[in-house]
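> The chain contents come next:
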Amino acid sequence: MKRNLVFLLILALLVAMIGGCSKPATQDETVVIYQNKVEIHEQLTAFAAAYKEATGKEVIVKTSGGDSPYAEALRAEFQSDRQPDIFVIEGMGGYNTWESKLQPYEGDEWIDLTTLEFIVDGKVIGFPVAVEAWGMAYNKDLLEQAGVDPSTLTSQEAYRAAFEKIDGMKDELGISSVVAMAAGPDMRWVTGLHNFNGYLSAGLPYGDTTVLDKLNNGEADMQRLTEYADWVELLFEYADRTVLLTGNYDSQVSQFGTGKAVFIHQGNWIDPWLQSNNVTFPMAFAPHASVKGTHDKIFIGAPSFYVINNESKNQEAARNFLNFMATDPAGHNYMVTEANMVPAFTNVTLTPTAPLSANVTEWLAKDLKYTWLQNDMPDGFGMGTIAPIYEAFAKGDIDKAQFIEQLAAKIEEIK
Amino acid sequence: MNKRIKDNMVFWLFLTPALFSFLVVVIIPFFMGLYYSMTDWTAVAGLQPNWVGFENYKAMFSNLAFRYSFLRTFLFSIISVISINLIALFFAFLVTREIRFRNFYRAGFFIPNLIGGLVLGYIWQFIFKEVVPAIGGMLGISYIENLLLLADPNLTLFGLIMAFTWQYAGYIMMIYVAALLNVPQELLEASDIDGANFWQKLRNITIPMIAQAFTITSFLTLVNSFKQYDIIVALTSGGPTDIYKGQVVNSTELLAVHIYNIAFKYNRMAEGQARAIVFFLVLSVVSIAQVYYNKQKEIEM
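Chains as they are written, first to last, in the working numbering: chain B, 6 to 420; chain W, 43 to 343.
Treat the hints with care, as some may be off.
Claimed, not checked - Derived lysine-lysine pairs resembling DSBU-like cross-links, with alpha carbons at most 30 Å apart:
#, chain 1, residue 1, chain 2, residue 2
1, W, LYS307, W, LYS100
2, W, LYS307, B, LYS265
3, W, LYS287, B, LYS420
4, W, LYS243, B, LYS405
5, B, LYS420, W, LYS48
6, W, LYS287, B, LYS405
7, B, LYS415, W, LYS287
8, B, LYS219, W, LYS307
9, B, LYS405, W, LYS307
10, B, LYS145, B, LYS128
11, W, LYS307, B, LYS415
12, B, LYS318, B, LYS62
13, W, LYS307, B, LYS42
14, B, LYS219, W, LYS171
15, B, LYS420, W, LYS100
16, B, LYS318, B, LYS128
17, B, LYS67, W, LYS171
18, W, LYS171, W, LYS100
19, B, LYS175, W, LYS171
20, B, LYS128, B, LYS405
21, W, LYS100, B, LYS415
22, W, LYS307, B, LYS128
Hints in this document: simulated from the structure, not taken from any laboratory.
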């Protein structure tokens, strides 16, 4: 009798273990959005609650943070019993990974309201979450004090002249270096992605991918690369050595925020940092002069896109939610006022209060934008493969000729 | 039912739950990993992996960054094992002597081990970036003041070893303390009477008597330094760069970090898996050899 009992118990245990793997019934009406911006989780959840009140449809916001942890967590999410209906991709890299899971948008209202949607082969794949931009952000007060007119900063020659002039006034301005630039191990996205994007798109019409296409075929544009190396050299030459080689995000932004540098090689995402540290001086963006010639645009794009899972049973509800966000005043209020994002939609009349974000809306309104192509390179190429070369160049381990040669060699390896 | 069969059945019955879980969480994933390392798997749901044979393994050995990472890992492990064990042994001797507050010291040396690797990495990053130059400034030595410790490949490796030693020596010390307390006092007293000095006692009595502890501690330190990941990520994130055979490489991207980067940053899961398997094999061989060697040195009372 006892033995039978033991048998039964073990049997029950095994059944329970195997049974645990089977899928429970999915809730049908609820839309699950799985997104990667930790900083807007609460705001988005609040907006989803408002959406439920307005329409009666429930939207659940799930978040996992950072950039690479999200990609991993998303894989796990897809292996689980409840796939998200809306998830986030970041450009072509994400598209290539998730291609088999994506449902294109068709005829959605928001498509006509933006120029930054993610399109592949004529199909609209991604809803732009927000607009971000970077250029050479400058401290208006210091620049004025140095007698440099920011509107003249449009070419490498102009930058060199301005940098030389400012460098000579270091003590007067109280700065430790002209540019707050970082190329150390913690800051590889600044060099390998943002700075390198200048090589890919600066001076070209919006949407022009010729240089990128060549890169993805393992071909380097030597002329552009040589001109671009001058720009990198110029930035490194007038940067603070400590911040350049071992600085992290905090040390780079605080060099600028405390007025120890006139320029910073960063984007409007530094606004929250500056605001929480009570930085109040006026600032704006100037173009990057990544290659020869005149430049009058900054790099504007959408860092991430909401995409629809093609296996979702709630595609209609998911698309309605995104449309509501783009068209309803409540959605605008959420994007601009609550989440402090620069909206990608032309029908939004609210403007952000943060200085750099407000400046981005001006550039966007004038449609002065260079393309973001840094996310369309092969996975890991920007931060993993080429960024260390920048660091070696910054340290002086290699010279400019070797820098060009090594970059070209890495591009050729892509083939 | 005869007794033998019945005993056998009960034996297997009791073993089943443990065996089942071991199979499910260790054995099966291991062989799945072996399979995936020979495919072009990228971990995207719905994509069937294609069989590529030993391509991933071939690619690995011709990869300079991987070879460099291998060398650096060995270097890091060897120096770490030595420094951790020496310092731990030294501490263990200190805290087993008749000194005041020895329990306080024991706890004090042990506490860094309770701090997570990530937190510890950031603390040491702060020390190397802010405190060291500040000390240099106070002493008026401009070399130290302007020293960018985390921009020099070799100094950074030593910095890592220092941080790791600081974290781990206290734990290893505890093992040595336990072993030292088990050394028979009568032997030490007898040798005292015979006029043996400290070094003679150490070499002929203490060291042989704690040989068992050496087996454990060298195993633990070896395996843990080989697998070191979190301190590196927090302290150096793989940098700074070094030049190896004309190529720019990441000087502290040790194997565990390297494998993670290949798998998740480059999204080459199968290649990362192949490297992880080689990593596993090398680590197994090294640690088995070490345990075998140390075992021979042990003596039975």
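> Checking against the hints above, which ones are violated?
Checked against the structure, the hints that fail are numbers 2, 4, 5, 10, 14, 17, 18 and 20, while the rest are satisfied.
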